[in-house]
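Participant: Let chain A serve as the given structure and place chain B on it in line with the hints.
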Amino acid sequence: MSEKFLEVKDLRVVYTQNRKTVQAVNGISIRLERGRTLGLVGETGAGKTTIAKAIMRILPDIAAKITGGEIWLDGVDILKLPPDEMMNVRGEKVAMIFQDPMTALNPLMTVGDQILEVIRLHDDCDKKAGMDRAGDMLELVGIPRERYAEYPHQFSGGMKQRVVIAMALACDPELLLADEPTTALDVTIQAQVLDLIRELKEKYNTSMILITHDLGVVAQTCDDVAVIYAGKIVEFGKKEDIFDHPAHPYTIGLFGSLPGMAVGEKRLHSISGLPPDPTALPEGCAFWPRCPHAVEACKGKIPTRKIRGVHFCQCVKEKEELQEVYSHGRS
Amino acid sequence: MADHSPLIEVKNLKKYFKVPSGMNHAVDEVSFEICRGQTLGVVGESGCGKSTLGRTIIRLLEATDGNVYLHGEDITHVKGHQLKQAREKMQIVFQDPYSSLNPRLRIESTIMEPLKYSGRYSSKKKMREEANRLMELVGIDERLRQSFPHELDGGRRQRVGIARALALHPDFVVCDEPVSALDVSIQAQVLNLLMDLQEQMGMAYMFVTHDLSVVRHIANDILVMYLGQAVEKAPTEELFHRTLHPYTKALLSAIPSTDIHKPMQRIRLKGEITSPINPKPGCRFAARCPYAAEQCRQPQQLTEILPDHFVKCCRCREINGL
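Chains as they are written, first to last, in full-length UniProt numbering: chain A, 1 to 331; chain B, 1 to 322.
So that you can see chain A by itself, here it is in the shape it has in the complex (with noise of 0.2 angstroms):
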């Protein structure tokens, strides 16, 4: 069964900043089906937060604008709802896990009370049963339930992701925005927390997009895998096209960059330069001055290159001529 769950059809978003404009997200196309993770990666500022933002509709008012595009979710046009509507679909079809626990939480509230006043909020049951259900969901993220009634502060930045987590997990969501779920999480505990959102994944047929900068992650829950940067997709596939055959030379980059496990080189194969300043992108591709292969026509139109299947690529090289820049890139 292959049913269009969500999608997301040339989304815009700038910030105004200093009355400057930041294009933030440029035309950015996704779709996704029931039960499927998508994983976001790309780096800081590309634009990955936005998206998961503006499908949360929870983009400060003042400062970001989506300036077009559409998003369906489950046959609506979510940027189209009344706010009231909005605070519905909010928390019981998409819930969001945040990327820093450390401010996610309130800290003047218990963390079960936390998770209370997200059941309470889309569920009319009385205090009881919502308090057993909030300690439910704290064993089932791995605390005890006993510490029901500690404040923030008294946990561990990986236990306080993991109740990030409960509360997100609170009302059964549909679709999961994961952004950065992990990121400051030690790894038996991230592998836990990993194995954890793939199970209630699996038994809820939950739709996910789990936005990340690890590969490793992306490698271990993904089905498919977007590229960012700055703001568009440059790279779009099935797992075992991107890590098989990543074709875009951001992509294969990025692997580069990755501290392998797989020991050899000392010096890590870093992309050089940094990521473009959002208020001034440059013409046509936005990577070509730190491409290693950049020539004169990355600043005109770029194409979107269909490689095989689904796996498409935003690059103005041949199909195989990207190819042999991959094989020159792992060689």
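Think of the hints as simulated: they come from the structure by calculation, not from any bench.
For clarity, every value in this text was computed on a predicted model and none was experimentally measured.
We put the CB at the ideal spot given by N, CA and C, even for glycine.
Incorrect hints may appear among the rest.
[Stated by the list, open to error] Cβ-Cβ distance ranges computed for the label pairs, FRET-style:
#1 B:Lys126 / A:Arg267: 31 to 41 angstroms
#2 B:Asn278 / A:Glu199: 26 to 36 angstroms
#3 B:Asn278 / A:Glu70: 50 to 60 angstroms
#4 B:His81 / A:Gly273: 38 to 48 angstroms
#5 B:Ser99 / A:Ser29: 34 to 44 angstroms
[Stated by the list, open to error] Keeping only pairs whose Cα atoms sit at most 25 angstroms apart, straight-line, the calculated DSS-like set for lysine-lysine is:
#6 A:Lys20 / A:Lys299
#7 A:Lys306 / A:Lys238
#8 B:Lys116 / B:Lys79
#9 B:Lys262 / A:Lys201
#10 B:Lys84 / B:Lys116
#11 B:Lys262 / A:Lys238
#12 A:Lys239 / B:Lys262
#13 A:Lys239 / A:Lys9
#14 A:Lys306 / A:Lys239
Facilitator: Relative to chain A, chain B alone:
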């Protein structure tokens, strides 16, 4: 580096915190030494005391017991002028780029602060020049000079933290998860940068991290900590090729592999890190260890099982067939 006398030496360092329910043994009898130009990676789960260890060494915290030697000189209890001198040689890059920068100081002023307090610079102009050089060194754009930390993303903020730590040319830098908040391409740049700087200036790093692939890349030796204690210590490749302690094995197996065709062979650890408050005398990992036995309740010693390879596990030889 021909100089093989240890730059920094830590002996039986202990740091206990008094908490309402007893004593939190955050760091318990940890010993190691680092030579010039070398990197010691300290890995472990959150709450195992690796950050406390770093902070105690550079005297941000007072040690409960044990000694720290810098260039052979005991600095565990020095005060006043001597302490200031010692601190100029020891710097730290903090874990959290969000809270480790003063939100009311511009980037340039943040980097200039240590320059100002050192008294090494005669004029503001010279300080500014040095700050600019440092900014270029760590890859912060000139245009961000007058920005405030909140205008920067996490990656750039961390670079400011690194620039600040390197400002006084320290001999020893505690890197407390310096790249865990950064993206891979930037992480690679920063790791390359840290390694280049080490080559140029011969600093010793103590690299605290939970990312074992990073530590494998940058460290010469690795110290694995669990609940305040060192459970395994070995040269990097030795540790990865001949992992001996059950905890280290579990830790290594939990790294998400980028090889999509090889399913992960995970050793599942049950439960959480237990409480470091008034721990029992035996092995602290025993509650989660698949090999736990009666003798694990006895106090454990860090023993040299193989040359240069220290393990704190009484069943180590038995488990590994040595």
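Participant: Check the structure against each numbered hint from earlier and tell me which ones fail, lowest number first.
Facilitator: Failing hints: none at all.
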